[in-house]
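Line order of the protein sequences matches chains A and B. According to this note's numbering, the first sequence holds residues 1 to 404 in order. According to this note's numbering, the second sequence holds residues 1001 to 1135 in order.
In short, the hints are calculated from the structure, not lab data. Keep in mind that the hints are not guaranteed to be accurate.
Stated by the list, open to error - Below are the BS3-like pairs computed for lysine-lysine, each with C-alpha atoms no more than 25 Å apart in a straight line:
| id | chain 1 | residue 1 | chain 2 | residue 2 |
| --- | --- | --- | --- | --- |
| 1 | B | 1124 | A | 398 |
| 2 | A | 221 | A | 84 |
| 3 | A | 379 | B | 1022 |
| 4 | A | 2 | A | 211 |
A quick note: this is a predicted structure, and the numbers were derived from the prediction, not measured.
Single-letter residue listing:
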Amino acid sequence: MKRPIYLDYSATTPVDPRVADKLCSYLTMDGDFGNAASRSHTFGWRAEQAVEAARADVAALIGADPKEIVWTSGATEANNLAIKGAAHFYSKKGKHLITCKTEHKAVLDPCRQLEREGFEVTYLDPESNGLVDLGKLAAAIRPDTILVSIMHVNNEIGVIQDVAAIGALCREKGVLFHSDAAQSAGKVPIDVNGMNIDLLSLSAHKIYGPKGIGALYVRRKPRVRIEAQIHGGGHERGMRSGTLATHQCVGMGEAYRIAREEMAAEGERIRVLRDRLFGALKEMPEVYVNGDLDHRVAGNLNISFNFVEGESLIMALKDIAVSSGSACTSASLEPSYVLRALGRNDELAHSSIRFTIGRFTTTEEIDFTARLVREKVNKLRELSPLWEMYQEGVDLSKVQWAAH
Amino acid sequence: MAYSDKVLDHYENPRNVGSFDKGDPSIGTGMVGAPACGDVMKLQIKVNDQGVIEDAKFKTYGCGSAIASSSLLTEWVKGKTLNEAAQIKNTQIAEELALPPVKIHCSVLAEDAIKAAIADYQSKTAGGDDKADAA
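Could you build all of it, start to finish, from the sequences and the hints given here?
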């Protein structure tokens, strides 16, 4: 067993060897290195053929037509293109957008930028389980609302939003619906037509493809218009200029093809591992799952170990690679904004660890992780004055702390 | 974030972890910080008749640097008089542990903890007990 054990698959995934093999054949003189926009020779034609085959594989995973796929540098660019592109195009129709406080920064920051440009954005509070309440969303839609952006699967807590219901509501109200599917594509079934999704952001590196490539699905029927954010040559039907990275497109296509064929079986295998880990950890007292456990992607386990501070726990867990909801990198400690939005108190937000399990995780690694976490949490609790007070029956919420 | 060897040593082998009886008149207890801020330190000192700190114990909820700062502090205060212990500055702790700027607040918290523990001991012995003053 190699250490450290990688349990941060929501941050990024290793490239699947099948993807790497295929991708590498589109780089050198011996391979198809051409520019897909070159129309005058076979190098260009072969590159174009490869890019279009990959586009079809990406489209197939989400039930789209290949013509509806626009290549981007990743999900961040896709989110920017969808949100700013749609807002700019439809600004004469209205200047109001709706999103949720637990969205990724790649959605929240473009919204902030639009606010600086004179748009108005409603940031919905999720319920305490991390899910968006449909009634609250419906109530937030106004005559001048042009776009709703709600992510499919949350990157921190892994909860799956009911995008089909949100899509139906948006369609009924005549509002565009964008969803960030960086964490869901290849893990949860997506059908852009059945779910009434107008714009969908995709990433390759979260699903065993290479970093630096993603795509935006842009609906054609009924036609959704966006204003380009990058100009220069009119590639991708004018929506995103720039020479296509053939090898990256091919890598993403292959990753999506594999996902389409294997996601059902893989998801089940990963769910068993996740439940095995959770089963071993929940035997400890004062352990809390963050986010809904039923509406949740298979590989995610985000839990708070009360009375243990997250950064010291990560330090103790140096044999496993996980991430913490506590970002203790500045003098003022900032716990995860996602956990805060769920109404978690600061202590629990500071105590959270995100385990994300993936294609190459083994049972042996999960068992090692469970043993290690239990041992280190117990050790840190022996060190914790809060644990001591809790055991003495002190109500910590009633203590007058000297804030600093 | 890279931790210094000394922080790692104190974090992995913390010295003097534990608790004394808060009610014992020879014990001074200092509890500083807040859970919402991500660190809480409890430092206890056991003071003898000569006003010398005979023993010290701590418990800390916080990052590795906070744990190391309080562990180091318990080593330093043992054998010191209350006046000497009160002279310990956060900069000495930060320097000894090579804390980066973002972790300086951990050493500040440790200095606050020993001051609070001394104040608690002195408030217990205040009025008729001049042993602490003799130190």
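Hints, one by one, checked against the model:
Proposed proximity of residue 1124/B and residue 398/A is supported: the alpha carbons are some 24 Å apart, at most 25 Å. Distance restraint check for residue 221/A and residue 84/A: the Cα-Cα separation of roughly 21 Å lies within the 25 Å cut-off, and the hinted pair is therefore satisfied. About 23 Å separates the Cα atoms of residue 379/A and residue 1022/B, which keeps this hinted pair within 25 Å; it holds. Between residue 2/A and residue 211/A, the direct Cα distance comes to roughly 23 Å. Compliance with the 25 Å bound is thereby established for this hinted pair.
Violation of the numbered hints given earlier is absent; every hint is satisfied by the structure.
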